[in-house]
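Given the coordinates of chain A, work out where chain B should sit on it, guided by the hints.
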Amino acid sequence: MAVTLSLSVNGKPVHATVDPRTLLVELLRNHLGLTGTHVGCDTAQCGACTVLVDDRAVKACNVLAAQMEGAKVVTIEGIAAADGTLHPMQAAFKECHGLQCGFCTTGMVMSAIDLVNRHPKASEAKIREELEGNLCRCTGYHNIVKAVQHGAAAMGK
Amino acid sequence: MYAFELHHAKSVADASAALSRTGGKALAGGQSLVAAMKLRLAQPGHLVDLSGIPELKGIRREGDHLVIGAMTRHADVVSSEAVKGAIPALAALAEGIGDRQVRNMGTIGGSIANNDPAADWPAAVLGLGATVVTSKRKIAADEFFKGMFETALAEGEIITAVSFPVPKKAAYAKFPNPASRFALVGVFVAQTGAGTRVAVTGAASSVFRSKAHEDALAKDWSAAAAKAVRTPDANLNSDLHGTAAYRAHLVSVMASRAVGATH
Numbered sequence: 001m002a003v004t005l006s007l008s009v010n011g012k013p014v015h016a017t018v019d020p021r022t023l024l025v026e027l028l029r030n031h032l033g034l035t036g037t038h039v040g041c042d043t044a045q046c047g048a049c050t051v052l053v054d055d056r057a058v059k060a061c062n063v064l065a066a067q068m069e070g071a072k073v074v075t076i077e078g079i080a081a082a083d084g085t086l087h088p089m090q091a092a093f094k095e096c097h098g099l100q101c102g103f104c105t106t107g108m109v110m111s112a113i114d115l116v117n118r119h120p121k122a123s124e125a126k127i128r129e130e131l132e133g134n135l136c137r138c139t140g141y142h143n144i145v146k147a148v149q150h151g152a153a154a155m156g157k
Numbered sequence: 001m002y003a004f005e006l007h008h009a010k011s012v013a014d015a016s017a018a019l020s021r022t023g024g025k026a027l028a029g030g031q032s033l034v035a036a037m038k039l040r041l042a043q044p045g046h047l048v049d050l051s052g053i054p055e056l057k058g059i060r061r062e063g064d065h066l067v068i069g070a071m072t073r074h075a076d077v078v079s080s081e082a083v084k085g086a087i088p089a090l091a092a093l094a095e096g097i098g099d100r101q102v103r104n105m106g107t108i109g110g111s112i113a114n115n116d117p118a119a120d121w122p123a124a125v126l127g128l129g130a131t132v133v134t135s136k137r138k139i140a141a142d143e144f145f146k147g148m149f150e151t152a153l154a155e156g157e158i159i160t161a162v163s164f165p166v167p168k169k170a171a172y173a174k175f176p177n178p179a180s181r182f183a184l185v186g187v188f189v190a191q192t193g194a195g196t197r198v199a200v201t202g203a204a205s206s207v208f209r210s211k212a213h214e215d216a217l218a219k220d221w222s223a224a225a226a227k228a229v230r231t232p233d234a235n236l237n238s239d240l241h242g243t244a245a246y247r248a249h250l251v252s253v254m255a256s257r258a259v260g261a262t263h
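So the sequences go chain by chain: A and B. Using our numbering, the first residue of the first sequence is number 1, and each one after it goes up by one. Using our numbering, the first residue of the second sequence is number 1, and each one after it goes up by one.
Bound-form chain A, shown alone (with noise of 0.2 angstroms):
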């Protein structure tokens, strides 16, 4: 039998009626068409998947549709500000190229700013530490952590 869901994302209600099966990824790209979440591994490993829910960086491909209720989620698309200027930490990843092939990036763009939600001058040590949930099948790890690195700074600002 169907469950019958309220949640927000990405600052908008969303009233959702899904299978009790449905990830909380699948009703991000399927039924609410929000590609930028990617699923890579589905296995909980790569973090590609990653989103906020309440704040905190989750796997969406590791939790339920179902899990959600009442939570607010934001994905890579309810970042940038209204008038579509990059958040910081976007940005931050355009400037220092902290991508190659791009299909981790949403995931550690998600992962970087609650990462910086908590610890705001993060070391590079703590950075590398903190984003162990996150890979990047490229390894293009160094550009990636300068990336934060400069994120931070202009979150701070």
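It should be emphasised that the hints constitute simulated quantities derived from the structure, not laboratory data. Backbone N, C-alpha and C fix where the C-beta goes; we use that ideal spot for every residue, glycine too. It is possible that some hints are incorrect.
Stated by the list, open to error - Beta-carbon label-pair distances, calculated as ranges:
no.	chain 1	residue 1	chain 2	residue 2	range
1	A	HIS97	B	GLY58	39 to 49 angstroms
2	B	LEU39	A	LYS126	29 to 39 angstroms
3	B	LYS168	A	ASN30	49 to 59 angstroms
4	A	ASP42	B	GLY85	39 to 49 angstroms
5	A	CYS138	B	HIS65	46 to 56 angstroms
6	B	LEU41	A	THR35	20 to 30 angstroms
7	A	PRO13	B	GLY45	23 to 33 angstroms
8	A	THR4	B	ARG60	27 to 37 angstroms
9	B	GLY85	A	SER8	29 to 39 angstroms
10	A	GLY33	B	GLY63	52 to 62 angstroms
11	B	GLY63	A	GLY70	32 to 42 angstroms
Stated by the list, open to error - Computed footprint of chain A on chain B, listed as stretches where at least three residues anywhere in the stretch have a Cβ under 8 angstroms from a Cβ of chain A:
no.	segment
12	4 to 16
13	41 to 51
14	89 to 100
Positioned in the frame of chain A, the structure of chain B alone reads:
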């Protein structure tokens, strides 16, 4: 994933009734259960979501005990001043679980109810001689962990909290599998009011106490004493990540590192 019915429980009584009526499984953070269901390793016909039950969340000090609600997320244990003040070893242990995203969803109650042989929380619960509080009773840690993925929980019984006695000293050290971050071997050491306790996870089919380490450390609380103990490898796991002999060796190494980390 196989099809199932989902129930949002509003109270512990509501959740217990739904579990007893349906024979289903409780859903905590889902970081192990949802993954197992996707792989069709678990196929419950009914899931009862516990996330909407407020009384299962939170951390509080009750005299000489620290009580952690079953639905408290690992990340909340990491950042809790009450935990850092009373039993900092628990905050450190929680910070080593999985990755940040997993810690943001996974819960202490879910971890110990699942009793994965390589999970971290069972080592702390057994190592401190904690009490598992359920919807029906209080279960001593020594009676709770029964075997691989097996606990003393009865059908429809829900963990509501874990009550940890505040120890004199405690620490946890683990050798994480570099891919999964699960413990290849993890050792929790503690000097408690009830004596010296040493619990080992990851090495066997379920968490267990190492009597030899407890005896050695009761006489001499030192890293060298812990390292000198030989652990028999007869009942330890052997797999592609490490042989039983390797794990046996790691038990004493991790025990000595844990003792060295206590202060």
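We went through each hint and held it up to the structure:
As the Cβ distance of HIS97(A) to GLY58(B) is approximately 44 angstroms, the hint placing it in 39 to 49 angstroms holds. Between LEU39(B) and LYS126(A) the Cβ separation comes to about 33 angstroms, which falls inside the hinted range of 29 to 39 angstroms. One distance hint, 49 to 59 angstroms for the beta-carbon pair LYS168(B) and ASN30(A), holds here, with the actual separation near 54 angstroms. The beta-carbon spacing between ASP42(A) and GLY85(B), approximately 40 angstroms, falls within the hinted interval of 39 to 49 angstroms.
Between CYS138(A) and HIS65(B), the C-beta spacing of about 49 angstroms keeps the proposed range 46 to 56 angstroms intact. Separation of LEU41(B) from THR35(A) is about 29 angstroms and conforms to the stated range, judged on CB atoms against 20 to 30 angstroms. For the pair PRO13(A) and GLY45(B), the supplied restraint of 23 to 33 angstroms holds, since their beta-carbon distance comes to about 31 angstroms. For THR4(A) and ARG60(B), the Cβ-Cβ distance of about 34 angstroms falls inside the hinted range of 27 to 37 angstroms, so the restraint holds.
Checking the proposed 29 to 39 angstroms range against GLY85(B) and SER8(A) shows it holds: the Cβ atoms sit about 35 angstroms from each other. Evaluation of the 52 to 62 angstroms hint for GLY33(A) and GLY63(B) yields a pass: the beta carbon distance comes to about 54 angstroms. Look at GLY63(B) against GLY70(A): about 34 angstroms separates their beta carbons, and that is inside 32 to 42 angstroms. Only residues whose C-beta sits within less than 8 angstroms of a C-beta in chain A count toward coverage, and the segment 4 to 16 of chain B has 4 of them, enough to reach three; the restraint holds.
Under a criterion of three residues with beta carbons nearer than 8 angstroms to beta carbons of chain A, the stated coverage of the segment 41 to 51 of chain B is upheld, 3 such residues being counted. Note: the segment 89 to 100 of chain B has 3 residues with beta-carbon separation from chain A under 8 angstroms; the three-residue rule is met and the coverage holds.
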